[in-house]
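Colleague: Sequences are here, hints too, so could you generate the full structure?
Number of protein chains: 4
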Amino acid sequence: MVGGGQGAFIGAVHRMAAALDGEIELVCGAFSSAPAKSKASGEALYLPASRVYGSYEEMIQREKQLPEGERMDFVSIVTPNHLHFGPAKAALENGFSVVCDKPLCFSMEEAYELQRLVRQSGLLFALTHNYTGYPMVKQARAMVRNGELGKIRKIVVEYPQGWLSTKLEDSNQKQASWRTDPQRSGIAGSMGDIGTHAENLAEYISGLQITELCADLSTFVPGRLLDDDGNVLLRFDNGAKGVLHASQISAGEENNLNIRVYGEKGGLEWHQMEPNSLIVKWLDKPKQVLRTGVGDLSPEAAAHTRIPAGHPEGYLEAFANIYRNFAICLRARLQGREPDPIYQDFPTVGDGLRGMRFIQRVVESSESDQKWVPF
Amino acid sequence: MVGGGQGAFIGAVHRMAAALDGEIELVCGAFSSAPAKSKASGEALYLPASRVYGSYEEMIQREKQLPEGERMDFVSIVTPNHLHFGPAKAALENGFSVVCDKPLCFSMEEAYELQRLVRQSGLLFALTHNYTGYPMVKQARAMVRNGELGKIRKIVVEYPQGWLSTKLEDSNQKQASWRTDPQRSGIAGSMGDIGTHAENLAEYISGLQITELCADLSTFVPGRLLDDDGNVLLRFDNGAKGVLHASQISAGEENNLNIRVYGEKGGLEWHQMEPNSLIVKWLDKPKQVLRTGVGDLSPEAAAHTRIPAGHPEGYLEAFANIYRNFAICLRARLQGREPDPIYQDFPTVGDGLRGMRFIQRVVESSESDQKWVPF
Amino acid sequence: MVGGGQGAFIGAVHRMAAALDGEIELVCGAFSSAPAKSKASGEALYLPASRVYGSYEEMIQREKQLPEGERMDFVSIVTPNHLHFGPAKAALENGFSVVCDKPLCFSMEEAYELQRLVRQSGLLFALTHNYTGYPMVKQARAMVRNGELGKIRKIVVEYPQGWLSTKLEDSNQKQASWRTDPQRSGIAGSMGDIGTHAENLAEYISGLQITELCADLSTFVPGRLLDDDGNVLLRFDNGAKGVLHASQISAGEENNLNIRVYGEKGGLEWHQMEPNSLIVKWLDKPKQVLRTGVGDLSPEAAAHTRIPAGHPEGYLEAFANIYRNFAICLRARLQGREPDPIYQDFPTVGDGLRGMRFIQRVVESSESDQKWVPF
Amino acid sequence: MVGGGQGAFIGAVHRMAAALDGEIELVCGAFSSAPAKSKASGEALYLPASRVYGSYEEMIQREKQLPEGERMDFVSIVTPNHLHFGPAKAALENGFSVVCDKPLCFSMEEAYELQRLVRQSGLLFALTHNYTGYPMVKQARAMVRNGELGKIRKIVVEYPQGWLSTKLEDSNQKQASWRTDPQRSGIAGSMGDIGTHAENLAEYISGLQITELCADLSTFVPGRLLDDDGNVLLRFDNGAKGVLHASQISAGEENNLNIRVYGEKGGLEWHQMEPNSLIVKWLDKPKQVLRTGVGDLSPEAAAHTRIPAGHPEGYLEAFANIYRNFAICLRARLQGREPDPIYQDFPTVGDGLRGMRFIQRVVESSESDQKWVPF
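Chains as they are written, first to last, in the numbering used here: chain A, 1 to 375; chain B, 1 to 375; chain C, 1 to 375; chain D, 1 to 375.
Do not take every clue at face value.
As the list claims (entries may be wrong) - The calculated BS3-like cross-link candidates involving lysine-lysine, where the alpha carbons are at most 25 Å apart (straight line), are:
hint : chain 1 : residue 1 : chain 2 : residue 2
1    : A       : Lys167    : B       : Lys167
2    : B       : Lys285    : D       : Lys265
3    : D       : Lys167    : C       : Lys285
4    : A       : Lys265    : B       : Lys174
5    : B       : Lys285    : D       : Lys285
6    : A       : Lys285    : B       : Lys174
7    : C       : Lys285    : A       : Lys265
8    : D       : Lys265    : D       : Lys151
9    : D       : Lys151    : C       : Lys285
10   : D       : Lys151    : D       : Lys89
11   : A       : Lys167    : B       : Lys265
12   : B       : Lys167    : A       : Lys174
13   : B       : Lys167    : A       : Lys265
14   : D       : Lys371    : C       : Lys371
15   : C       : Lys151    : C       : Lys174
16   : A       : Lys151    : B       : Lys167
17   : C       : Lys265    : A       : Lys285
18   : D       : Lys151    : C       : Lys167
19   : C       : Lys167    : D       : Lys285
20   : C       : Lys285    : A       : Lys285
21   : B       : Lys89     : A       : Lys167
22   : C       : Lys174    : D       : Lys37
23   : C       : Lys265    : D       : Lys37
24   : C       : Lys265    : D       : Lys167
25   : D       : Lys174    : D       : Lys37
26   : B       : Lys265    : D       : Lys371
27   : D       : Lys265    : C       : Lys167
28   : B       : Lys167    : A       : Lys285
29   : B       : Lys371    : A       : Lys371
30   : D       : Lys167    : C       : Lys151
31   : D       : Lys265    : C       : Lys174
32   : A       : Lys174    : B       : Lys285
Rather than coming from a laboratory, the hints here were simulated on the basis of the structure. Computed from a predicted model, the values in this text were never measured in an experiment.
Modeller: See the structure below:
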């Protein structure tokens, strides 16, 4: 693991998600660029001191020299955005597959380079757009693909949060601090941090691609350096229209990612905060509430469910589905066989590249007088 | 009453709303442009034949000749859009106050003329943007005005319906037929029919005015002549940003008008389909659910509530609040006194004019390559 | 109308419910046992002074002397429980049909006598167990009757309120005052006021009858004279089991009547506070949410719905369905024809008698050491 | 681990819950009474063959002989009810602390013996009444203890499931099979399996104890040998009244454990299927929705929350809280220090004993003509 030392948020999430299914064991880490902090973090995680490194470069070089079967199988990167590219590149160049937090990296150049390295190396690369790991998101995607809704006409995807309603970055809040800093976050704030999740979810469920967009980004908190709110009109490659809005100043909202997809025959509605329900609305038939584990769901939904209906699975379980699928595919790769296609289902470097382009395009559109910017 | 003969929808709604509080009695009508139908409709409503007229012109002339105290006190206009202007003008010119269904009329010219006639006559004019009649909408407006949310930053208002997902106008469905016909509905379909409700609600609750917009209207059902879906970015006069989308092809949606308003200190959420709850979200405090009739609500909310908490009031009660307030104000006017300001609260010809301009601007914007169109 | 003078709650509800559909007109009343108050109330309701009476006896005698077509068609009784019997008896003995608030009366003796008078006179008698007027309650009843749930096994019906959590009767609150007074309310408090609604709803929807019960009534507020909470185990005539609990000290509850009915194949759930949804749960199939006005509902549900889906109908509309059905049946009776069976659907004196017995039995059971008391 | 071989449900839950926080590692197991199955299960869990045993007796003896630091630290028992006592007794007698699935055991005699062994050995014993592990349950308990609701008056606790609506035990469904078998489950079916969870939750949150009860148990599915539904009236030691009902034939219900607690000042409502919300209702103040991770919650709620608000934690996280607290207390014990009291919070052998008595009393009550049975 690269990053995720004491005080970090997403590092612990990755560790819990990886541990849940008993398929992945944390064996080493460079948890901080401060060697002492890395060491303390490793100790708290019950790692032997010999596997706790002072930098990702050291970790990759030293692990590479360990005998096969003993060295790490892959690298998890859980650092802020500007520190994704370095370790990802080093890992890929040294033969390690990668799990990387989103967004993919810091710039389009980095994104293209990572895509090139993945293709060239043939290694696995998973990007943790974790919200696609929920069983009911899989179900939604399956229903759209099976044509149950008919041709898709409209998509509304929202990601309101309220935690940056005040200038939290002026306190020492670590999460707020790097997310609002152009040096570490990139050219976008809320649009990069959560807008990309919304974009990814919409494309994942609908199977469509955004072709044009029109964005209005705002910075509401005085003195903030990046956008903290954005509203975007979307057009998709099949003629569907859409709305995407994401915000970190929607006061009182927790983490309210949600999506509605309407086709000719019916509509879907899913809310991340009640992730085990998928509401299905029909023309002139009663609304249905599909529930994780209840009735005849798609094989994709079933394969990503651990426990019986009514025992709620949450964020960590969905996140763990990314890791579990990655582990299954990696194991298959190491054993020279094809994994079951149902598990070949995690966000890839290609998704990461689309996310980076989304960031670029919404910023570009927001600054433009032209109505539509091609994606 | 003008319009609302047998087979109509909104006419019966107006009659029930007007009757609910025992303050208004239906005394006469020109229920259809077909005299026989008008007559049959009047009979079914237990009106004496002498007060059932073959046309609105006849009604207004004949009623005017009745002695005061016997003749009608005001005119309700419940016809399709293209037939609002004629009876409204005639009523105002002959000294009758008016309640008129929305949108105000057919064109901006008509709108300006009606505004002029209202001003000149000093008569009352109510436009039935009925959704502002709900107690919890009054509560939301009061909370914004009192500064409880701080400065408003973002507004999301939605009005999805699904009933026009197929080409219903090809059957004989009366409601679908005129609403999708440019000759009767005007230059917009869904945007005029329901988009104006959304626009009115957003401005009513927030006390803000839209200054610029960017719209993307669509006609998804092949062969349909007017928009059946629209997505709009909004900018408000205090710097707030917004999203408005309205649709009649959101398959499976009933009549799901809803709004969220976010300020610096908190946010509000209201759904027309569960109108007795107003969700209030705070920065770092528990979410509250305000309910009609529970606890210390604003005087405005209390004045528009009829029955104790937990006895749900619905669409007709909200609609009746428009009529009740209009009746109170009209009675005060007839008695030469000022009505209690709390009841001087119904949509006016000015709101109607803004609605007509909204229609004009979204159509204009949708056809334009320019990003922002001033309101 | 008997009762319902200024300051009363349920009288205004009856008037609004009766007025809504334009089928019933308030023509006279004895609104209070205090003649001056009755007079003032009548005036505020725009009644001519000649039709406002000082007592129900006077009203019935004087109206009876008016020519047919001019005199009142029926009597509405909206007084406290101990004042139902007198006017009901007088009305029935003088040829007037009756609408009476619930519970039926004060004692079993009165109940039997009223049943006898109704049978003997052949007049109509409606008891306003208004919650059975909701379209989705009709739908639930139809689904059970059609066997869609299979044989019913379990019923859970709840009616929690919180408004009597403190000793409100010590203030001058009129509603609290008579409801907690054995001289005016009868032998039960919460069980009579709202427990009977729960009992009626369970039997109406399920088509079953309670055969045995086991009750534990409590008075939580010190000094209160009647029960303010009760928990009851039920057994039904087909072998189904049930739980009924009603309370007026469930702090923070509004008027949360709700019911769940489980059969061999599926279950139903309905909440009075969101009355336009009926949740249907199936063995191994997705849950459905049936909604007023959406899709193929039962004819009974459709016949009791006024406006399109998504325009919420509430308490007054359900109450109005009782009045509307009563009016239709009364008109048919006056015209000497059979009403459409779909409208022969309002609670009768027989339902009232069951309610009175329910009150008697739960009080008896609560005082007994014996587990089961036959109904 | 004892039990939990391939095909089991709760064994995998225990393993995921134990693994989540990186504090507990599965080191050995006797996963099945069939040695070959135990071996295969252990292999699938990546355990060395040497630590996979053919029986719990073998496991305990062999592990005991391993050097300290190498041998297991405690035993998890995840077998059906009739197989709890044997391994628990053996573990306690050989110096191993125990985590045991609920209900505690098979008979009152076994329960008393286990309580005696725990007291005598001074070892730790945790019973996985996992629903008390949810942060919002901790919050509810804290609010009651702090007197925020005033004196508690009424408790309604429900646990409806529908999965045994048909005679599933006649198929080869392993879960249904042992749960409906008196030889393996004990004297109660649904009341032992889920009724005890409801009883435990009510006492945990309220801090009260049941003193009397009156039960009506049923077996609805023909040929079933144990109760599949039960309705119970409760009385608590402070004078509060309650209702508990649990069912496995409530067709269409998933795992709908929920509770409402009403005091003099307000009420609480919590639903296991939406576990991150705690609804708080007040006399004459707006309802609040407390949410995991939002605002100033109790220290107990905060200490059992892993991730930020709006990232839903579910069943496994709550279950993991039991394991995590047990691990913290065990580690403190091994290190000879007192654990932080906030983590000394998991169900004990004493809770298990109360659960066994609850089973005994409801069965006794259900067969009795006497109304109240002392607890």
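Colleague: Now tell me if each hint is right for this structure.
Modeller: Evaluation of the provided hints:
1. Note on A:Lys167 and B:Lys167: the hinted pairing is violated, with a Cα-Cα distance of about 51 Å set against a maximum of 25 Å.
2. Under the criterion of a C-alpha separation no larger than 25 Å, the hint pairing B:Lys285 with D:Lys265 is consistent with the structure, at around 20 Å.
3. Between the alpha carbons of D:Lys167 and C:Lys285 the distance comes to roughly 18 Å, so the proposed pair stays at or under 25 Å and holds.
4. A threshold of 25 Å between alpha carbons decides the hint, and for A:Lys265 with B:Lys174 the separation of about 22 Å falls inside it, so the pair holds.
5. For the proposed pair B:Lys285 and D:Lys285, the alpha carbon gap of about 15 Å is at most 25 Å, so the pair holds.
6. Of the supplied pair hints, the one linking A:Lys285 and B:Lys174 holds, its CA atoms being roughly 22 Å apart against a limit of 25 Å.
7. A C-alpha spacing of about 20 Å is found between C:Lys285 and A:Lys265, which places the hinted pair at or below 25 Å, so the restraint holds.
8. Simply put, D:Lys265 and D:Lys151 have alpha-carbon atoms about 8 Å apart, close enough for the 25 Å limit, and the pair holds.
9. At most 25 Å may separate the alpha-carbon atoms for a hinted pair to count; D:Lys151 and C:Lys285 exceed this at roughly 42 Å.
10. Simply put, D:Lys151 and D:Lys89 have alpha-carbon atoms about 40 Å apart, too far for the 25 Å limit, and the pair is violated.
11. Restraint check: the Cα-Cα separation between A:Lys167 and B:Lys265 comes to about 13 Å, which is no more than 25 Å; the hinted pair holds.
12. Taken as a hint, the B:Lys167 and A:Lys174 pair is broken in the structure, with Cα atoms around 54 Å apart against an allowance of 25 Å.
13. In summary, the hint linking B:Lys167 to A:Lys265 is supported, as the alpha carbons are separated by about 13 Å, within the 25 Å threshold.
14. For the given pair, D:Lys371 sits about 4 Å from C:Lys371 by alpha-carbon distance, which is consistent with the 25 Å threshold.
15. Distance check on the hinted pair: C:Lys151 and C:Lys174 sit about 44 Å apart at the alpha-carbon level, beyond 25 Å; violated.
16. Annotation: proposed proximity of A:Lys151 to B:Lys167 holds, straight-line Cα distance about 15 Å (limit 25 Å).
17. This hinted pair checks out: C:Lys265 and A:Lys285 have alpha carbons roughly 20 Å apart, not beyond 25 Å.
18. For the proposed pair D:Lys151 and C:Lys167, the alpha carbon gap of about 15 Å is at most 25 Å, so the pair holds.
19. A C-alpha spacing of about 18 Å is found between C:Lys167 and D:Lys285, which places the hinted pair at or below 25 Å, so the restraint holds.
20. As the CA atoms of C:Lys285 and A:Lys285 are separated by approximately 15 Å, the hinted pair is consistent with the 25 Å bound.
21. The straight-line distance between the Cα atoms of B:Lys89 and A:Lys167 is roughly 54 Å, outside the 25 Å bound, and the hint therefore fails.
22. Taken as a hint, the C:Lys174 and D:Lys37 pair is broken in the structure, with Cα atoms around 72 Å apart against an allowance of 25 Å.
23. For the hint linking C:Lys265 to D:Lys37, the alpha-carbon distance of about 37 Å lies beyond 25 Å, and the restraint is violated.
24. With a CA separation close to 13 Å, the supplied pair C:Lys265 and D:Lys167 stays within the 25 Å bound.
25. As the CA atoms of D:Lys174 and D:Lys37 are separated by approximately 15 Å, the hinted pair is consistent with the 25 Å bound.
26. A hinted pair counts as satisfied when its Cα atoms are at most 25 Å apart, and B:Lys265 with D:Lys371 does not qualify at roughly 55 Å.
27. Of the supplied pair hints, the one linking D:Lys265 and C:Lys167 holds, its CA atoms being roughly 13 Å apart against a limit of 25 Å.
28. Among the hinted pairs, B:Lys167 with A:Lys285 is consistent with the structure: their alpha-carbon atoms are about 18 Å apart, no more than 25 Å.
29. Our distance criterion of 25 Å between C-alpha atoms is met by B:Lys371 and A:Lys371, whose separation comes to about 4 Å.
30. Using a Cα cut-off of 25 Å, the hinted pair D:Lys167 and C:Lys151 holds, with the two alpha carbons roughly 15 Å apart.
31. A C-alpha spacing of about 22 Å is found between D:Lys265 and C:Lys174, which places the hinted pair at or below 25 Å, so the restraint holds.
32. Distance hint between A:Lys174 and B:Lys285 is fulfilled; the C-alpha atoms sit about 22 Å from each other, no more than 25 Å.
Comparing the model with each numbered hint stated earlier shows that hints 1, 9, 10, 12, 15, 21, 22, 23 and 26 do not hold.
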